[in-house]
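Keeping their order, the protein sequence lines are chains A and B. Residues 1 to 426 in the working numbering are what the first sequence lists, from first letter to last. Residues 427 to 543 in the working numbering are what the second sequence lists, from first letter to last.
Hints listed in this document are in silico derivations from the structure and should not be mistaken for laboratory results. We put the CB at the ideal spot given by N, CA and C, even for glycine. Where hints are given, some of them may not hold.
Said to hold, decoys possible - Here are the computed distance ranges between Cβ atoms for each label pair: (1) R334/A - R542/B: 51 to 57 Å; (2) D452/B - L425/A: 33 to 39 Å; (3) T412/A - G489/B: 16 to 22 Å; (4) G258/A - E529/B: 55 to 61 Å; (5) Q281/A - D488/B: 40 to 46 Å.
Said to hold, decoys possible - Stretch by stretch, here's where chain B covers chain A in the computed footprint (C-beta under 8 Å, at least three residues): (6) 117–131; (7) 411–417.
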Amino acid sequence: MILALVDCNNFYASCEQLFDPRLRDRALVVLSNNDGCVVARSAKAKELGVPMGAPWHQMRELARRHQILALSSNYALYADMSARVMEVLCAYSPTQEVYSIDECFLDLTGARPDAETAGRLLRAEVLRLVGLPVSVGLAQTKTLAKLANHFGKKRPEFGGVCPLHALEEPERRRLLASTAAAEVWGVGPRTRRALEGLGIRTALQLAQASPADIRRRFSLTLERTVRELNGEPCHSLMAGPARRKQILSSRSFGSLIGELPPLEEACASFARRAVEKLRDQRLLAGSVTAFLRTNPHREDLPRHFPGLCVPLPPTDDLRPITAAALSALGRIWRPGHAYQKTGVILGDLVPLENRQGELFEDARAPARSSALMEAVDRVNRTFGRGSLKLLAEGSDPRWAMKAGNRSPRYTTRIDELPRALAGTLP
Amino acid sequence: MIPDPFESSPCGARLEPAGFPSPAADFKDAAISLDRALISHPAATFFFRAGGSELESCGIFDGDLLIVDRAVAPAPGRMLLLVADGEFRLAPFSRLGRERQGELEVWGVVRWAIHRL
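Bound-form chain B, shown alone (with noise of 0.2 Å):
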């Protein structure tokens, strides 16, 4: 077997690469994490699992992964997570008649569907 000359030697000591150094280096910068892009607040985020195609139009389609935020408040043009007959529906804040607000528990609000191709 050939010895690996930048495996830790007898002694303990780790040869280091020693041509010139990298010009990134100090650049180094942290992978692209979806975590990170994603997720806002990490201890309020919760993951579901789209079911039906009703509401293709608004982008979410049978089987797609949800990404519920429940720190964010329901307002127009978000997506909500509601709790209805004991089942969680999602339906767009517009679909949501004034009058049915008090009646329909809000879970959580849908940030990011992720849909695969």
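Extracted from the complex, chain A is given alone in its bound form (with noise of 0.2 Å):
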């Protein structure tokens, strides 16, 4: 088997970069909802030392020096970009798992004339069609295929693909030598401590040690990771994403909140986006659990975590999912305290099709509420999200996250597209 790991190269400074050329010498950071930390960084802005993770408001000074531009995310943009970086890829291979917004893993055993050339023609494919720069990691395991994608982008030697499985033994070990053992995917801090008090440091070394031993110490899992650095396939790729146990949809707020009516706007918004995603992967929710958070690190005002869950009859109806949310709702919020965050979690998922009558229901009901349904998801496909939504989220949000920064949604709003300008050629 050969796996291959397509990864994106700074993906969201890079689409930002690709709609406006000017920013693409520029030291450029994308911040995450609420413009809190760094998310993104362009090549750059790494130069500079930003960290991934940093708050912003740490590095001002060092942004206000170096003409350091921050963006707000534009969430819009990335989700569009990345559908199309996987439309281009799944041609390379029957199985793809798309891993995260910006990564894929690819199964390129077989693939002619050889993995190598495949991932070096794909890399070459997405830059060119979708204008995204991505590395490639070709391994045995998707453990090993993380490794060598990450020597692809640290290593220009490589040239954006590292085909480990084809090394060399001495150049493999050499490489795995010179890589700390935390970067190997699945080691954590607490594990990486763990392991240092045994005396391993390197991935080389975790590759060497007893996986017996790793198992007895550790976990099954991290077992795993040792038997996979050794080109033991342990973690299949999934065909689909998996099924999940719970949808959630949240957010904090741009300021705290303390009365209910907003609250109430804000939850039920939440609920319709866990509906769309619940929809999305043809399930139906038994159960909606609402809850409230006040800002952790304000230990001036008086805190309160509640949460609440009423069990439904399954359902994928945004109606009686947004009034059970706002029920639980007005049961765990106490007046007097300032809420940083609310949110929705949608539980006791069953697919479609394993869907149960109700003893007593009206037999009409569900193809109404089916029926209604798909004229609200249809409207909203074809007028953009949230063009129809219940009166319960109310018309002005109040509540709505922070994005002072944000650069236009080039690829998916007619009205914010990018301009060519006819004339002279400087």
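Dock chain to chain to rebuild the complex, using the hints, since each chain is given by itself in its own frame.
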């Protein structure tokens, strides 16, 4: 088996640079929801030493000195560009596992003329067709493909494609020896410290550890990591995304909120987003949980982190789900608290095909409900997300997140297209 | 309220029109889709808005909706979308002198300009 891990380089920053060429040579960072932390950096910003995940307010001095530009996240753009990348890549393999917004595994076993050539070709094609740079790691297991991708990205001699499976043994050992164990997929900070206690610091040392010993001291998961580092596949490629056990929709507010009505509007809006995901995956929800959170970092304010789960007859209808979420919210809300966040969790998920009728329900109700929800989906597909929604969401989202410096939604909004000038060339 | 006979009945079954079957049913075709007609490579196709009136002789007017395909190679007779000085620029292939072809970056090829009358 030969697997490829294909990963977009500086994905969010690259999307921004593709549609605004002035940003190409600039130090650029993209900030998380509410403009809190750095979630992507252009090559220049990396050179200046902006760390991933850094709170932006701590970076202001560095930003001012080097004129680092900070943009708010433009998720509509990133999601559309991600879909394009995945679409191009799926032509290269019968099996694609989309692992995150900017990376996927491909099974390149039997690729012609060979996996490395296929890897170089798909890298060139994504760049040509979609305009985004990717790196490719090739190896016999997912864990090694992840590492190979890391080498492909960091070491210019590979030209963006690292065929770890085809390297000579001494070269492989040298690469693994030069890599910290913490870089290995699935090795978190706590495991790293425990491994250091055993003298295991590099990926090569981890690969040479005894699997039985690792299982005894740590876990089956880490034993599998050791086996995978030695080229023994333990993690199979999932053809599709795993069916989820829960669907969560939640986000922090732009500012703290105390009164119930705006919290209800926010909660109804998260219910709608959760139902969109639910319907996308053709699932029904058997329970709805609403929760509230005060800011855990504000020790000067009263704290309150309540949640309440309401069971439902399995449904994907926005109306009963929103009603249940709002009734739960009304019961957990306490006056006198400044809430930072609310959210909705859909649980007890069952596939749509397994729907069971209720003994006392109107036999026409399911058909009416699904006809209505399909009409709502169609309207929102045609006119944009959230064009048709319940009045419970209100019309003025004062709880909306801060996105002070978002770029235009170049690929998903007809009134935000990039401009092309007809004029004399410079 | 008059009950709609084609609305689903209490037992869940739907009534279907039972007259003479439509002679056109076997020839039913999907409606015309502009997306299908104008876009050959969906993953590589992007929309732009034209600015300026210098290319009216080539059929591009200020405010036109441009359909740009990155999968199509630049060639004589084609309208190019270029990157120059940090901006997107439109130019016919012919106007791009041989010496400038290496210097300016071709972002894509404009396949259609949709113009409101």
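Hint-by-hint comparison with the structure:
{"no.": "1", "hint": "R334/A - R542/B: 51 to 57 Å", "result": "holds, 55 Å"}
{"no.": "2", "hint": "D452/B - L425/A: 33 to 39 Å", "result": "violated, 55 Å"}
{"no.": "3", "hint": "T412/A - G489/B: 16 to 22 Å", "result": "holds, 20 Å"}
{"no.": "4", "hint": "G258/A - E529/B: 55 to 61 Å", "result": "holds, 59 Å"}
{"no.": "5", "hint": "Q281/A - D488/B: 40 to 46 Å", "result": "holds, 44 Å"}
{"no.": "6", "hint": "117–131", "result": "holds (count 4)"}
{"no.": "7", "hint": "411–417", "result": "holds (count 3)"}
The earlier numbered hint that this structure contradicts is number 2, and it is the only one.
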